[in-house]
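Asker: First to last, the sequence lines map onto chains A and P.
So in the working numbering, the last one in the first sequence is 372, and the numbering has no gaps at all.
So in the working numbering, the last one in the second sequence is 126, and the numbering has no gaps at all.
Worth double-checking, as some hints may not be accurate.
[Stated by the list, open to error] Label pairs and their in silico Cβ distance ranges:
id: 1; chain 1: A; residue 1: M337; chain 2: P; residue 2: K122; range: 49 to 59 Å
id: 2; chain 1: P; residue 1: S23; chain 2: A; residue 2: A5; range: 43 to 53 Å
id: 3; chain 1: A; residue 1: G134; chain 2: P; residue 2: D34; range: 49 to 59 Å
id: 4; chain 1: A; residue 1: E107; chain 2: P; residue 2: D89; range: 52 to 62 Å
id: 5; chain 1: P; residue 1: E19; chain 2: A; residue 2: G24; range: 26 to 36 Å
id: 6; chain 1: A; residue 1: Q285; chain 2: P; residue 2: G48; range: 44 to 54 Å
id: 7; chain 1: A; residue 1: K306; chain 2: P; residue 2: G121; range: 33 to 43 Å
id: 8; chain 1: A; residue 1: E316; chain 2: P; residue 2: Q46; range: 28 to 38 Å
id: 9; chain 1: A; residue 1: D147; chain 2: P; residue 2: G121; range: 46 to 56 Å
[To be verified] Among chain P residues calculated to face chain A with C-beta under 8 Å, some are:
id: 10; residue: G37
id: 11; residue: V40
id: 12; residue: E61
id: 13; residue: V63
id: 14; residue: K64
id: 15; residue: A66
id: 16; residue: Y70
[As the list claims (entries may be wrong)] Pulled from the structure, derived: some chain P residues nowhere near chain A, Cβ distances all over 12 Å:
id: 17; residue: T5
id: 18; residue: D6
id: 19; residue: S23
id: 20; residue: G54
id: 21; residue: M55
id: 22; residue: A65
id: 23; residue: A79
id: 24; residue: D94
id: 25; residue: W99
id: 26; residue: A109
id: 27; residue: D112
id: 28; residue: A119
id: 29; residue: G121
I should point out that these hints are in silico values taken from the structure, not numbers from a laboratory.
Ideal Cβ placement from N, Cα and C applies to all residues, glycine included.
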Amino acid sequence: MTLKATPLNSAHRALGAKMVDFGGWDMPVNYGSQIEEHNAVRGDAGMFDVSHMCVVEVRGANTRSFLRHLLANNVDKLQVPGKALYSCMLNPEGGVIDDLIVYFLAEDWFRIVVNAGTADKDVAWMNAQNAATGSGVTITQRRDGNDPIALIAVQGPNARAKVWQVLPTTQAATESIKPFNAAIVPDTAFGEAMVARTGYTGEDGFEIGVPATQAEALWNALLAAGVKPAGLGARDTLRLEAGMNLYGQDMDDGVNPLDAGLAWTIDLVSERDFIGKAALQAKGQQAQFVGLILREKGGILRAHQKVVAASGLEGEITSGTFSPSMQQAIALARVPMDVAVGDTVHVIIRDKQLAASVVKLPFVRNGKVLAA
Amino acid sequence: MNIPTDLKYTESHEWVRREADGSLTVGITEYAQDALGDIVFVELPQVGKEFTAGMDAAVVESVKAASDIYAPVAGTVTAVNQPVADAPDSINQDAYGAWLFKLAPSDAAAYDKLLDADAYGKTTDH
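Could you build all of it, start to finish, from the sequences and the hints given here?
Answerer: Next up, the structure:
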């Protein structure tokens, strides 16, 4: 089976990246040391090729009402062009089809960015819902085929300044935008650029979308400006420290988002109906999603390790790693409802039960360790 | 990738050096540390522990994976390298210098049956 490649594949290989099969994509896991790449993002500026993720355009007069019904979070929060929202897309049983970011560009044009491995499933679902509701919107994915958009995420305290060095004509439009807002700037040196103040690292920065034909030139310009290339290994340690969920690991089609720490993205209070609402109202929350810090030597916290609460009830780690910023093993875990922040639980690693502290997320934000 | 010719190897990427007194020093190869990535945790065996060939002897964990290290031959642990356990990334920096443990082999001839540099090199060629 040949792996899929992003427009930056040769650029990664030219930098000596260690390439891996990431869900069918040939992607860089690191360019030498993922810990160095992680630290570069926390302290300076690093960049990720996220062109395996998929931009989906939704256009038409009924786009807003279509998305009000399709998405668990409420797009009516988006009233200013460029404003963005993090949301889940649920199935009728309340399970998570994907998590995504939706950008309001115009009343007849919203842009959604979905995960790489779920893009085909997501677009098929959206098309089916479009037909079922008679919304008459057009749904166009911008990754495979004609006119693709490549995505580069530049993250870190110096990220925005570096982006403006390389894309000076975007500075005026993006200098004062707040987090979770975007601007589309035509006629930059790299074509039309969407610059969004979003990210998956817990640091400030911009995620940039440009025509795929311009991706390598933009990547090289950012390199020349001193932005450090960062791979999927660093991406995972950064997002975990930032307490951000990873689809396919922390939640999936069979997981109730209320049990995955995503209640804040789901509006169950207003009278707006959306796919999955009734199922979630019936189920309610049955588990808590917490951070863990390992307190005893004996290994690294990892997905699927069992967590034993003081009561003897069990939970499970959904994502674990060694935190470069904290120099400790940390994890995200689904635990019983009787567990409280501050409790000590035990994690089973090989043949030992090792003590871990339950902490509030995030562990790290804007370069600062919050949990200890 | 560097594969010193004065060492012997296993298919599971341990290197082994026979010392003048017949004891064996064991570590993991440059190929192994590169595949693992940044190493962040090392668990060493207890001195005095007895192993048969192929038994789990130690654990090396990188950020992304946990890797068991196996006893290359049967023997008893005579020493462990605590400084490496305290600074796991030293394995990434110098795989052949950052030894993990030493064994007194129960059969001196077992060492000769391990892979030489050439044979090990072939197992890592893709």
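Asker: Decide, hint by hint, whether the structure agrees.
Answerer: Comparing the hints with the structure gives:
1. Distance hint check for M337 (chain A) and K122 (chain P): the Cβ-Cβ separation is about 55 Å, which falls inside the suggested range of 49 to 59 Å.
2. At about 50 Å, the beta-carbon gap between S23 (chain P) and A5 (chain A) stays in the expected band of 43 to 53 Å.
3. The beta-carbon spacing between G134 (chain A) and D34 (chain P), approximately 56 Å, falls within the hinted interval of 49 to 59 Å.
4. Taken as a hint, the range 52 to 62 Å holds for the pair E107 (chain A) and D89 (chain P), whose Cβ atoms sit roughly 54 Å apart.
5. Range check, E19 (chain P) to G24 (chain A): Cβ separation about 48 Å, and the 26 to 36 Å hint is violated.
6. Taken as a hint, the range 44 to 54 Å holds for the pair Q285 (chain A) and G48 (chain P), whose Cβ atoms sit roughly 51 Å apart.
7. A hinted range of 33 to 43 Å holds for the C-beta pair K306 (chain A) and G121 (chain P), which are about 41 Å apart.
8. E316 (chain A) and Q46 (chain P) have their C-beta atoms about 31 Å apart, which keeps the hinted 28 to 38 Å range intact.
9. Checked against the hint of 46 to 56 Å, the C-beta distance between D147 (chain A) and G121 (chain P) comes to roughly 47 Å, which is consistent with it.
10. At its closest, the beta carbon of G37 (chain P) sits 6 Å from a beta carbon of chain A; the interface hint therefore holds under the 8 Å criterion.
11. Taking 8 Å as the C-beta contact cut-off toward chain A, the hint placing V40 (chain P) at the interface holds, the least distance being around 4 Å.
12. With a cut of 8 Å, the hint placing E61 (chain P) at the interface with chain A holds, because the nearest CB-to-CB distance is about 5 Å.
13. Because the smallest distance between the Cβ of V63 (chain P) and any Cβ of chain A comes to about 5 Å, under 8 Å, the interface hint for this residue holds.
14. For the restraint placing K64 (chain P) at the interface with chain A, the shortest Cβ-Cβ distance is roughly 6 Å, inside the 8 Å limit, so the hint holds.
15. Because the smallest distance between the Cβ of A66 (chain P) and any Cβ of chain A comes to about 7 Å, under 8 Å, the interface hint for this residue holds.
16. Because the beta carbon of Y70 (chain P) sits about 15 Å from the nearest beta carbon in chain A, more than 8 Å, this interface hint is broken.
17. The claim that T5 (chain P) lies off the interface holds: its Cβ sits roughly 26 Å from the closest Cβ of chain A, which is beyond the 12 Å cut-off.
18. For D6 (chain P), the shortest C-beta to C-beta distance to chain A comes to about 28 Å, beyond the 12 Å cut-off, and the non-interface label holds.
19. Look at S23 (chain P): its CB is around 27 Å from the nearest CB on chain A, clear of 12 Å, so calling it non-interface holds up.
20. Against chain A, the non-interface label of G54 (chain P) holds: every CB pair exceeds 12 Å, the least being about 18 Å.
21. Interface exclusion of M55 (chain P) from chain A stands, the closest Cβ pair being 14 Å apart, more than 12 Å.
22. Once the 12 Å rule is applied to beta carbons, A65 (chain P) is inconsistent with being away from chain A; the minimum gap is 9 Å.
23. Remark: the non-interface label on A79 (chain P) is consistent with the geometry, its nearest Cβ contact in chain A lying 20 Å away (cut-off 12 Å).
24. Distance to chain A confirms D94 (chain P) as a non-interface residue, since its nearest Cβ pair spans about 15 Å, more than 12 Å.
25. At the 12 Å boundary, the C-beta of W99 (chain P) stays outside the reach of chain A, the nearest C-beta of that chain being 20 Å off.
26. Once the 12 Å rule is applied to beta carbons, A109 (chain P) is consistent with being away from chain A; the minimum gap is 33 Å.
27. Remark: the non-interface label on D112 (chain P) is consistent with the geometry, its nearest Cβ contact in chain A lying 33 Å away (cut-off 12 Å).
28. Distance to chain A confirms A119 (chain P) as a non-interface residue, since its nearest Cβ pair spans about 25 Å, more than 12 Å.
29. Distance to chain A confirms G121 (chain P) as a non-interface residue, since its nearest Cβ pair spans about 20 Å, more than 12 Å.
Hint check: violations occur at hints 5, 16, 22; the rest are consistent with the structure.
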